[in-house]
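S.K.: The numbers in our numbering rise by one with no breaks, and the one at position 192 of the sequence shown is 192.
Read the hints as simulated data drawn from the structure, not as lab findings. These figures come from a predicted structure and were not determined experimentally. Beta carbons: idealized from backbone N, C-alpha and C, even for Gly. Please note that the accuracy of each hint is not assured.
FRET-style restraints, in silico, Cβ to Cβ [what the hints assert, rightly or not]:
id : residue 1 : residue 2 : range
1  : Leu383    : Ser498    : 25 to 31 Å
2  : Thr153    : Lys452    : 32 to 38 Å
3  : Ser30     : Ser170    : 49 to 55 Å
4  : Arg47     : Gly16     : 27 to 33 Å
5  : Pro265    : Thr446    : 53 to 59 Å
6  : Thr4      : Leu443    : 39 to 45 Å
7  : Arg54     : Gly16     : 33 to 39 Å
8  : Gly480    : Glu152    : 14 to 20 Å
9  : Leu443    : Gly16     : 32 to 38 Å
10 : Val315    : Tyr123    : 27 to 33 Å
11 : Thr153    : Lys43     : 44 to 50 Å
12 : Met1      : Leu71     : 29 to 35 Å
DSS-like, lysine-lysine: derived pairs with alpha carbons at most 30 Å apart [stated by the list, open to error]:
id : residue 1 : residue 2
13 : Lys349    : Lys39
14 : Lys9      : Lys374
15 : Lys194    : Lys178
16 : Lys9      : Lys43
17 : Lys452    : Lys416
18 : Lys2      : Lys377
19 : Lys120    : Lys25
20 : Lys415    : Lys452
21 : Lys43     : Lys56
22 : Lys9      : Lys452
23 : Lys349    : Lys230
24 : Lys302    : Lys230
25 : Lys452    : Lys374
26 : Lys39     : Lys25
27 : Lys349    : Lys302
28 : Lys452    : Lys377
29 : Lys120    : Lys56
30 : Lys302    : Lys56
31 : Lys242    : Lys25
32 : Lys349    : Lys120
33 : Lys39     : Lys2
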Amino acid sequence: MKHTLVDLKDTGSFSGFFLDYLAGKDQLRSFYTETPDIKNFGKQIERSSFPQARRKILVDTLTLQYEGMELEEEVRANLGLLGNGNTYTITTGHQLNIFTGPLYVIYKLVTIIRACQDLKAQYPEHNFVPVYWMASEDHDFAEINHFHFNGETYRWDTDQMGAVGRFLTSDMKPLLEKLSAVPPFFHQAYQGRKTTLAQAVRSYLNHLFGEYGLLILDADNRAQKSLLQKVMEDDILHQRIKPVVDATTDQLESLGYSTQIHPRPINFFYISENGRFRITEEGGTFTLVDGDRSFTRAEIEKEIAEFPERFSPNVVLRPLYEELILPNLAYVGGPSELVYWLQLGGLFKVYDVPFPILLPRNFALILPEHVERKREKTGLDILDLFQDTESLIADQVRKTSSRELSLEMDQDELKKIFDQIREKASSIDPTLVPHVEAQQARLQRTVENIEKKFIRAEKRHHSDLRNQITALRESLFPGGTLQERYENFLNFYQNDPSFIEMLMQTFDPFDLRFNIITYGK
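Whenever a hint applies, use it, and build me the whole structure from the sequences.
M.R.: This is the structure we're talking about:
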């Protein structure tokens with residue numbers, strides 16, 4: 001195995017907003033509390049305050065959700081530690097993608113586990129527990145119903161609607177029959193007439209990460225939703241959330257940043273056996289969009305008081321819900337996630353909830369050894385791989401061609417000539433200068449186009465190189481996207497069940513660089 005680290009900015013794969021956050025730019029400093037440095041967790045611990053009553057609800061909820069499962073000793077130990085006032089969580093969350101979804105879901109989980117291990121070494125008087133927050137209430141099934149494995153796309157088709165965590169996996173049988181070669185723990189997780197998707201995800205993730213003490217939380221329950229009732233009232237009855245988040249959003253946009261989330265007047269959904277419905281209010285009547293029910297103000301107030309489990313926070317309020325029910329120090333997420341958390345600082349202040357440290361997940365590109373040999377054969381540098389395919393081919397053609405393809409020197413000569421012409425024009429009549437400059441720009445574009453035609457013609461003489469680079473790029477950046485956002489971990493795990501342990505040994509959660517790993521056959 002070979003492990004290389006490169007700066008995130010050098011990959012060209014991350015937004016300026018995200019990179020500015022990581023760089024600690026002054027203009028963003030007021031939007032969060034601490035930078036994602038392990039030395040700052042001591043201050044975050046001092047800032048933390050989590051009532052014992054909420055700990056009890058958390059432990060009781062998890063104990064109930066794990067009932068009947070075979071648990072590793074590390075999971076039992078962490079469940080016990082959660083009841084102690086000196087125990088904190090490091091959390092990540094994600095949708096319930098079938099068969100884990102893209103690689104970066106695995107990377108998120110490895111990151112929180114490794115972060116807890118490193119924090120325990122740094123702060124031995126405290127305990128740190130990794131928690132995976134299942135986005136079981138999400139209703140965008142199209143985002144989670146497929147995964148990519150061995151060059152094929154596998155899809156789960158179902159007519160079920162609503163919160164995906166409540167979907168029954170009994171109609172997954174046709175898909176499972178196509179996937180007879182996948183590890184048996186997946187089949188065991190999905191089988192069962194009354195097994196829900198949330199239960200299945202807990203089962204297979206417990207198999208994969210139980211030995212590391214990962215706890216898996218489904219927050220779609222009455223006990224924990226009861227802690228959110230004040231927020232429900234503020235948002236649904238009084239619509240107080242949107243102005244708070246809008247104010248922070250406006251500040252970020254005034255700094256030139258593009259923001260990720262946009263609050264609605266009401267940021268809760270209503271969940272029933274028929275689906276998950278957005279709530280709107282007009283003239284004192286609360287209506288379920290695309291639903292068949294409406295409420296008066298008194299009726300929905302009563303519904304919140306008696307059935308908080310029927311209300312589901314959207315993306316704006318899920319982070320607040322998470323921090324209300326967990327003794328959490330840090331949230332681990334990807335670039336888009338972390339920058340939208342920066343829109344929520346004002347909301348956390350309103351409810352006097354400590355804002356967590358925002359820690360990026362580990363990023364990685366895995367090169368099987370046979371692919372690495374192809375890379376070396378082409379002469380490409382590691383960072384070259386992050387260019388788009390056509391630019392990469394053009395660069396390599398320039399480097400390997402025996403012909404002179406660049407017209408850069410000719411452009412320099414052209415500039416010198418026009419500098420002289422501009423001086424003459426200025427001395428004759430200054431109003432001629434803009435005309436001269438326009439002609440210069442036109443000729444420069446002409447020369448640039450000629451150079452592009454040189455390169456296109458030369459590419460045709462290098463078809464082997466072109467094919468090699470195209471195949472290499474497609475194997476590592478399928479469809480032009482980062483490997484970690486497309487491929488499933490089974491592409492590596494099937495050949496080596498120690499794949500996750502390799503990541504555990506390789507990733508450093510506090511090294512904010514991109515991992516390039518040459519690994520496997």
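S.K.: Are the hints correct? Go through all of them and say.
M.R.: Outcome of the hint check:
{"no.": "1", "hint": "Leu383 to Ser498: 25 to 31 Å", "verdict": "holds, 28 Å"}
{"no.": "2", "hint": "Thr153 to Lys452: 32 to 38 Å", "verdict": "holds, 35 Å"}
{"no.": "3", "hint": "Ser30 to Ser170: 49 to 55 Å", "verdict": "holds, 51 Å"}
{"no.": "4", "hint": "Arg47 to Gly16: 27 to 33 Å", "verdict": "holds, 29 Å"}
{"no.": "5", "hint": "Pro265 to Thr446: 53 to 59 Å", "verdict": "holds, 55 Å"}
{"no.": "6", "hint": "Thr4 to Leu443: 39 to 45 Å", "verdict": "holds, 43 Å"}
{"no.": "7", "hint": "Arg54 to Gly16: 33 to 39 Å", "verdict": "holds, 38 Å"}
{"no.": "8", "hint": "Gly480 to Glu152: 14 to 20 Å", "verdict": "holds, 19 Å"}
{"no.": "9", "hint": "Leu443 to Gly16: 32 to 38 Å", "verdict": "holds, 34 Å"}
{"no.": "10", "hint": "Val315 to Tyr123: 27 to 33 Å", "verdict": "holds, 31 Å"}
{"no.": "11", "hint": "Thr153 to Lys43: 44 to 50 Å", "verdict": "holds, 46 Å"}
{"no.": "12", "hint": "Met1 to Leu71: 29 to 35 Å", "verdict": "holds, 31 Å"}
{"no.": "13", "hint": "Lys349 to Lys39", "verdict": "holds, 24 Å"}
{"no.": "14", "hint": "Lys9 to Lys374", "verdict": "holds, 25 Å"}
{"no.": "15", "hint": "Lys194 to Lys178", "verdict": "holds, 21 Å"}
{"no.": "16", "hint": "Lys9 to Lys43", "verdict": "holds, 28 Å"}
{"no.": "17", "hint": "Lys452 to Lys416", "verdict": "holds, 22 Å"}
{"no.": "18", "hint": "Lys2 to Lys377", "verdict": "holds, 17 Å"}
{"no.": "19", "hint": "Lys120 to Lys25", "verdict": "holds, 29 Å"}
{"no.": "20", "hint": "Lys415 to Lys452", "verdict": "holds, 19 Å"}
{"no.": "21", "hint": "Lys43 to Lys56", "verdict": "holds, 25 Å"}
{"no.": "22", "hint": "Lys9 to Lys452", "verdict": "holds, 28 Å"}
{"no.": "23", "hint": "Lys349 to Lys230", "verdict": "holds, 15 Å"}
{"no.": "24", "hint": "Lys302 to Lys230", "verdict": "holds, 13 Å"}
{"no.": "25", "hint": "Lys452 to Lys374", "verdict": "holds, 27 Å"}
{"no.": "26", "hint": "Lys39 to Lys25", "verdict": "holds, 19 Å"}
{"no.": "27", "hint": "Lys349 to Lys302", "verdict": "holds, 27 Å"}
{"no.": "28", "hint": "Lys452 to Lys377", "verdict": "holds, 26 Å"}
{"no.": "29", "hint": "Lys120 to Lys56", "verdict": "holds, 23 Å"}
{"no.": "30", "hint": "Lys302 to Lys56", "verdict": "holds, 26 Å"}
{"no.": "31", "hint": "Lys242 to Lys25", "verdict": "holds, 27 Å"}
{"no.": "32", "hint": "Lys349 to Lys120", "verdict": "holds, 28 Å"}
{"no.": "33", "hint": "Lys39 to Lys2", "verdict": "holds, 29 Å"}
This entry satisfies every hint, going by the numbered hints stated previously.
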